[in-house]
Amino acid sequence: MNKKLLVILVAAAILLSAGAFATIAYATHSWGVYHWARNSNPFTLKVVDSVTSAWDSYLDTANADWSKSDVLDLTKETGSTKSTERRRCKPVAGKIRACNYTYGNNGWLGLAQIWVSGSHITQAITKVNDTHFNTSTYNTPAWRRLVMCQEIAHDFGLDHQDENFYNPNLGTCMDYTADPDGPPSNEHPNQHDYDQLITIYTHLDAFAARLRGALSAPAFTNDDIDDDIDTSDAKEWGKVIRKSSDGRSSLHERDLGKGNKVFTFVIWAN
Numbered sequence: 001m002n003k004k005l006l007v008i009l010v011a012a013a014i015l016l017s018a019g020a021f022a023t024i025a026y027a028t029h030s031w032g033v034y035h036w037a038r039n040s041n042p043f044t045l046k047v048v049d050s051v052t053s054a055w056d057s058y059l060d061t062a063n064a065d066w067s068k069s070d071v072l073d074l075t076k077e078t079g080s081t082k083s084t085e086r087r088r089c090k091p092v093a094g095k096i097r098a099c100n101y102t103y104g105n106n107g108w109l110g111l112a113q114i115w116v117s118g119s120h121i122t123q124a125i126t127k128v129n130d131t132h133f134n135t136s137t138y139n140t141p142a143w144r145r146l147v148m149c150q151e152i153a154h155d156f157g158l159d160h161q162d163e164n165f166y167n168p169n170l171g172t173c174m175d176y177t178a179d180p181d182g183p184p185s186n187e188h189p190n191q192h193d194y195d196q197l198i199t200i201y202t203h204l205d206a207f208a209a210r211l212r213g214a215l216s217a218p219a220f221t222n223d224d225i226d227d228d229i230d231t232s233d234a235k236e237w238g239k240v241i242r243k244s245s246d247g248r249s250s251l252h253e254r255d256l257g258k259g260n261k262v263f264t265f266v267i268w269a270n
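Residue numbers (my numbering): 1 to 270.
To be clear, the hints were calculated from the coordinates, so they are not data collected in a lab.
Keep in mind it's a predicted model, so treat the numbers as computed, not measured.
Even for Gly, the Cβ is constructed at its ideal location relative to N, Cα and C.
Mixed in with the good hints, there may be bad ones.
FRET-style restraints, in silico, Cβ to Cβ [what the hints assert, rightly or not]:
| hint | residue 1 | residue 2 | range |
| --- | --- | --- | --- |
| 1 | Asn164 | Ala142 | 17 to 23 Å |
| 2 | Asp230 | Gly32 | 22 to 28 Å |
| 3 | Lys239 | Asn164 | 33 to 39 Å |
| 4 | Pro183 | Gly259 | 41 to 47 Å |
With the hints as constraints, model all of the structure from the sequences given.
What follows is the structure in structure tokens.
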């Protein structure tokens with residue numbers, strides 16, 4: 001073979017391989033193997049609405065955005081908005097629960113907490129911290145949409161695409177940013193998020209039978225679940241298993257024993 005032609009072919013192959021790898025790396029942002037069990041796709045996941053009117057539209061937007069996925073539909077269920085209930089934000093078996101409250105000047109804007117049994121998510125919560133969202137810096141539609149969209153997504157298995165606040169925006173709420181409305185805007189999912197959900201949820205689970213098909217019962221009894229964890233207190237989140245580019249924790253793990261764990265995703269005020 002002509003040496004010049006061989007060089008061209010090798011270079012082309014390298015470029016194609018690099019391009020394919022970059023695409024895969026960019027799109028792969030699930031966190032571990034954790035997912036909800038289900039019998040079919042798309043499956044419906046209920047989100048218990050325990051947010052006040054100041055947050056209702058942002059929760060509605062997040063639910064609508066993620067329901068555009070080919071494998072997932074989020075439906076809202078009315079929950080209590082009493083201040084004591086929102087502060088506690090007790091998880092509901094087989095569902096996501098979303099709450100807002102003045103959780104204190106503790107540095108975090110929002111968090112997602114997921115109870116897992118083996119590789120399956122059995123219940124989850126999203127909390128947004130009004131102590132910070134009531135300040136001029138964060139009391140904007142863009143910040144509220146970004147954080148609600150991101151924390152809800154952690155509750156069904158998506159991870160961040162980037163954890164550097166000062167990198168250019170990727171056009172997804174799964175990207176850390178100091179400028180959520182961009183351009184491009186980081187207030188909604190992008191195609192990579194929907195592609196990743198397909199990757200996570202393509203297979204079906206026999207395990208779903210244990211959840212009675214409709215994700216209405218936990219994989220283990222309430223006696224096994226330490227649901228008294230104070231999620232507003234970082235000391236209760238367990239060990240740090242990942243930090244973002246600024247050196248702050250972004251993911252914690254608390255081992256409950258018997259194969260059960262609680263994971264906490266946190267996004268800090270910048």
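Check: Quick one: are Pro183 and Gly259 within 41 to 47 Å, going by C-beta?
Finding: 45 Å, holds
Note to self: Holds or violated: the 33 to 39 Å window for the beta-carbon distance between Lys239 and Asn164?
What the structure shows: Violated, at about 23 Å.
Note to self: Within 17 to 23 Å: is that where the Cβ-Cβ distance between Asn164 and Ala142 falls?
What the structure shows: Holds: the Cβ-Cβ distance is about 18 Å, inside 17 to 23 Å.
Next item on the list: Confirm or reject the claim that Asp230 and Gly32 have a C-beta distance inside 22 to 28 Å.
Entry: Given range 22 to 28 Å: holds, Cβ gap about 24 Å.
In terms of the numbered hints stated before, the structure departs from hint 3 and from no other.
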